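Use these hints to put chain B onto chain A, whose structure you have.
Protein chains in written order, with the working numbering: chain A, 1 to 294; chain B, 1 to 247.
By construction, these hints were calculated from the structure, which means they are not laboratory data. As the structure is a prediction and not an experimental result, all values here were calculated from the model. Misleading hints may appear alongside valid ones.
Which chain A residues stay away from chain B? Per the calculated CB distances, all over 12 Å, these [claimed, not checked]:
(1) Asp19
(2) Gly73
(3) Asp109
(4) Leu158
(5) Arg164
(6) Arg225
(7) Gly269
Among chain A residues calculated to face chain B with C-beta under 7 Å, some are [unchecked claim]:
(8) Gly62
(9) Pro69
(10) Arg74
(11) Ala77
(12) Leu79
(13) Ser83
(14) His85
(15) Gly87
(16) Asp92
(17) Val97
(18) Glu100
(19) Ser101
(20) Leu169
(21) Arg171
(22) Leu272
(23) Val276
From the three backbone atoms N, C-alpha and C, an ideal C-beta is built for every residue, glycine too.
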Amino acid sequence: MIEVAGVSKRFGSTVAVQDLSFRVEPGHVTGFLGPNGAGKSTTLRILLGLVRPDAGTATVLGASYRDLPHPAGRVGAVLEASSFHPGRRGRDHLRVVARESRIPESRVDEVLETVELTGDARRRVGGYSLGMKQRLALAGALLGDPEVVILDEPANGLDPRGMRWLRDLLRGLASEGRAVLISSHVLAEVAQTADEVVIIDRGRFVAHSTVEEVVAGGAGGVRVRTPDAARLRELLAAAGMEAAAGRDGALVVRGAEPARVGELAAQHGVVLHELVAESGSLEDVFLQLTGDTA
Amino acid sequence: MTALLAAEVLKLRTTRLLLWLGLILVGVVALSVAAPIATADEFGDAFGQFDWESTVVSAAGVATLFALLAGVLSLTAEYRHGTVAWTFLATPKRERVVLAKGIVSALAGVGLALLAAAVALAIAVPWLSSRGTPLELASGELWRNVGGLLVACAFWGALGVGLGGIVRNQVAAVVLALIWFPLIEPIIGAINNEVGRYLPSSAVDALLGGAATADPLPRPAALALTLAYVAVFWAAGAFVASRRDVA
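Just chain A, with the same shape it has in the complex (with noise of 0.2 Å):
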């Protein structure tokens, strides 16, 4: 569905994109993760034809972008927020876009229906809010029925509501076995959203795995509470494990299962308030996957 092999690109000395590949599928949702800066954006505008790489291939659908017929009607893409004239009004703006992409117009209002917001289309763009801007960008990326969608920080301006509604969306899009490529510099954005991520930094291939991987591969651990922490802190050092201080008098237990952890307290007529697993927290492995460990 969408490949990119081997693309680099630099802009004058700075290095956006080098050496970097990887695969999109139909019918999931992937997440396109890195730092800001890292060449999210930079790969998607490769992968639409409006950059260059300097090497490497960039494919839609088996073909670059720029030699697919009606792109616009097969590929739906969002790349910024502000790209609109700000004194057209909403639905003008999709009016000029179906007209050139050559999809009718009945297709505008359907889409102002899907995006909500058929109520704002007669205002002028400079009113929207952000978040009503990115809505009238997915409205126009959904204009052709696309089977490819690829959305450059979709989530960015969105309340939470709006976030719901948007994951929401995308899982539609994906389960009716469109290919749904998000970019996003917040891992935690796309976990609930997306089925796989890829991940890159400073231009160059990080990973891609499933989100259920990625998550499993941060340290988790086990936070308990006792009214005896000293004695129980005693305790698991002597079994080897750690304890640090965490929130509220409670001890974190990094790389331990609670089921060993209460054992040992039950072992030794320790009292437990509250006994939790903990999943590593998603910036922790994003951080940790991308070498940004400070």
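This is chain B only, laid out in the frame that chain A set:
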């Protein structure tokens, strides 16, 4: 191409750019027509000093600058607002976008010329007849001049698109266009007319009769040269726009 042309027309109709250009143009033309009529005296009438058929249409000639501006803004405004990404996603073969914009801007230029001519005539016809020196509406000269204005505005609208493709920065492109063609080119012509008569302003002037050019080119040569200028500007604009990353 039909869809692209229709889209470009829709782009113009859905912003207020043409409305503003039109409104300002009406004001400027009204002033430039009113000034010579208001200051003309009977002494001048008696000695046949006034060629109103040409004066009235030259007052509308400022429309050429507005046509040039509309052409330059066609592409540079898209870069400025970021809508160019939508445009090139819909039409990745960017030379087709430049061509469609060139054609539509030429038409917009014709529209601005018609507006300017209509305002000039609407003021001049009743005023001149009331002071007893009516315009000769049946004369070929008047309508040839109006026709020339339409051609010139189409030319500048089309040329502006190519320039906007080469210089995508809106402010730089507008300043360059408004300084180079109306100011620098006449200076070059004054210094060395062997060069000056081949520049775009002189070429299009020669096509219209050469009133503002010393030793203008013959009409067929002027026609060939103006068409060549449009072709070269479009080709250069398309070449640069196609190679430039939209980042």
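Consistency of the hints with the structure:
Distance check on Asp19/A: its Cβ is at least 19 Å (rounded) from any Cβ of chain B, clearing the 12 Å threshold; non-interface status holds. Residue-level check failed: Gly73/A sits 9 Å from the nearest beta carbon of chain B, not beyond 12 Å. No beta-carbon of chain B comes within 12 Å of the beta-carbon of Asp109/A; the shortest separation is about 16 Å. For Leu158/A, the condition that its CB be more than 12 Å from all CB atoms of chain B holds, with the nearest at approximately 19 Å.
With a minimum CB-CB distance of about 27 Å to chain B, Arg164/A clears the 12 Å threshold, and the non-interface call stands. Consistency note on Arg225/A: stated as away from chain B, and its beta-carbon is indeed over 12 Å from all of that chain's, at 52 Å minimum. Once the 12 Å rule is applied to beta carbons, Gly269/A is consistent with being away from chain B; the minimum gap is 66 Å. Here the hint on Gly62/A is broken, as its CB sits about 15 Å from the closest CB of chain B, past 7 Å.
Of the supplied interface hints, the one on Pro69/A is violated, with its beta-carbon coming no nearer than about 10 Å to a beta-carbon of chain B, more than 7 Å. Against a cut-off of 7 Å between C-beta atoms, the interface hint on Arg74/A is violated, since the closest Cβ of chain B lies about 11 Å away. Evaluation of the Ala77/A hint against chain B yields a held restraint, the C-beta minimum of about 6 Å falling below 7 Å. Because the closest C-beta pair between Leu79/A and chain B is about 5 Å apart, less than 7 Å, the hint holds.
Checking Ser83/A against chain B: minimum C-beta separation of about 3 Å stays under 7 Å; hint holds. The interface hint given for His85/A is met, as the beta carbon of that residue sits about 5 Å from the closest beta carbon of chain B, less than 7 Å. Taken as an interface hint, Gly87/A checks out: its beta carbon lies about 5 Å from the nearest beta carbon of chain B, inside 7 Å. At about 4 Å, the closest approach between the beta carbon of Asp92/A and any beta carbon in chain B falls short of 7 Å, and the interface hint on this residue holds.
Look at Val97/A: its Cβ gets to within about 6 Å of chain B, closer than 7 Å, so that hint holds up. Annotation: interface hint on Glu100/A holds; nearest CB of chain B at approximately 4 Å, less than 7 Å. Interface hint at Ser101/A: satisfied, since its Cβ lies 4 Å from the closest Cβ of chain B, which is below the 7 Å cut-off. A least Cβ separation of about 20 Å between Leu169/A and chain B goes past the 7 Å threshold, and the interface hint is therefore violated.
Interface hint status for Arg171/A: violated, as the beta-carbon distance to the closest one in chain B is roughly 24 Å, over 7 Å. A distance limit of 7 Å between C-beta atoms decides the matter here; for Leu272/A the minimum to chain B is near 56 Å, and the interface restraint is violated. With a cut of 7 Å, the hint placing Val276/A at the interface with chain B is violated, because the nearest CB-to-CB distance is about 46 Å.
Violated hints, in rising order: 2, 8, 9, 10, 20, 21, 22 and 23; the structure is consistent with all others.
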